[in-house]
Amino acid sequence: MRPSQALHLTSALLVVVCALSWAGENAQSEVSPAEQKIAQARRAIAANPNDYQAHNALALALARRARETGDPAFYDHAEAAIRDASRLMPDNLDSEKLSIWVLLGKHDFAKALDRARALNKKVPDDVLVYGFITDACVELGYYEEAEKAAQWMLDLRAGNVPGLTRAAYLRELFGDIEGALEFMHMSYQRTPPQETEDRAWMLNHIGHLHLMRGKVEEAEAAIQQALAVYPAYHYALAQLAKVRTAQQRYSEAVSLLKQLYGLAPYPENLFELAKTLEKAGRAKDARKTFAEFEKKATAEMHNVDNANRELIFYYADHARKPSEALRVARLEAARRKDVYTLDAYSWALFANGAYGEARKQIEKALKVGVRDAVLFYHAGAIALEMGDRTAARGYLRNSVELNPFSEVSGAARKLLVRLKRNR
212 MRPSQALHLT SALLVVVCAL SWAGENAQSE VSPAEQKIAQ ARRAIAANPN DYQAHNALAL
272 ALARRARETG DPAFYDHAEA AIRDASRLMP DNLDSEKLSI WVLLGKHDFA KALDRARALN
332 KKVPDDVLVY GFITDACVEL GYYEEAEKAA QWMLDLRAGN VPGLTRAAYL RELFGDIEGA
392 LEFMHMSYQR TPPQETEDRA WMLNHIGHLH LMRGKVEEAE AAIQQALAVY PAYHYALAQL
452 AKVRTAQQRY SEAVSLLKQL YGLAPYPENL FELAKTLEKA GRAKDARKTF AEFEKKATAE
512 MHNVDNANRE LIFYYADHAR KPSEALRVAR LEAARRKDVY TLDAYSWALF ANGAYGEARK
572 QIEKALKVGV RDAVLFYHAG AIALEMGDRT AARGYLRNSV ELNPFSEVSG AARKLLVRLK
632 RNR
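If you're matching positions, the sequence shown starts at 212 in our numbering and goes up one per residue.
Just so you know, the hints here were simulated from the structure itself, not pulled from any lab data. All the given hints hold, so there is nothing to weed out.
Here are the simulated EDC-like pairs of lysine to aspartate or glutamate, each with C-alpha atoms no more than 20 Å apart in a straight line:
| hint | residue 1 | residue 2 |
| --- | --- | --- |
| 1 | Lys322 | Glu290 |
| 2 | Lys506 | Glu479 |
| 3 | Lys332 | Asp302 |
| 4 | Lys506 | Glu489 |
| 5 | Lys333 | Asp366 |
Since we're looking at a predicted model, the values are computed, not measured.
All chains should be built: construct the whole structure from the sequences, respecting the hints.
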């Protein structure tokens, strides 16, 4: 299990959730914001074990530590602290909200959405509950409801940072990358300097947005700034590896991904490492890493927290097992209908020669408005097999023009050459 990048509740508002103000804070540069809060909460519990808000504060800090480190074990510890708080004060609002956040962190999006909707009926003016609804809906593909919930966040409290970060992510999904950058920069400027992990998360996402549109230098600058703010940040290492791959500096990308896997040993990180080893010309190491990825990914295939999208692309593009790709894709598509799951499903259908259904699924994804070079390439390849040369040419050009350095740019250019030769 791993914390979701989409979950970003800044500390300033999360501390309000627990309504606590801790005195005597002596921040140490080598101690993270979450570690400081964990220590403060534990001191408060030691002083008064029956203070339910202190247990809530501990749960909050542990959940934040899960995102800082990428270690989901902190969510289990957070759940234990929430149980303690609920035992001391049954049905308290803060514990209910924290339990939803932990569900989101564990990728149990359907359960989190049910709980958030129910809580929203009880407290219809709570900004963060709308944030939870937004997060879950984005992951499940309920974009209209996500957009309404995010708008409520901004209507209830204009300019609040959690609302801005969610609005930024929705703008990205709806194809407005410039608007997403604008909102993310606003969020960064409104986040206190001492909240280093929050600021690193925002800088890293700014880098991601630059990379989506092929601005490699701008992406690297933002990501390096994130790493300066929060060294060895697992999200930033992953994004910097993508930059190095775009620059064809594959050996450096491999080193970064090995470091990332040491910090966050999840199957999806192995998949990225295997692909990059292949690009680096290390075929034997790539095969070994792909095999390890497959073993770990299939072991968690039926869990809510899984690497199924990566497994689909592995079976379709690397293992050449199209029927397995489709089996996994159908399993995952039954759970969620977000654009990236629809894309993976369409590619599995394409690998099995079901071009008509593949086109239907990729067009559902693109209808949301997302502008992603990989999705455009997939749409172009599918359209070409359907005999729609005009659509294929348009999609493939969009892919290359949007991001000339994407992982599919070479394949997209080859198909465009093929189209030109066969006019």
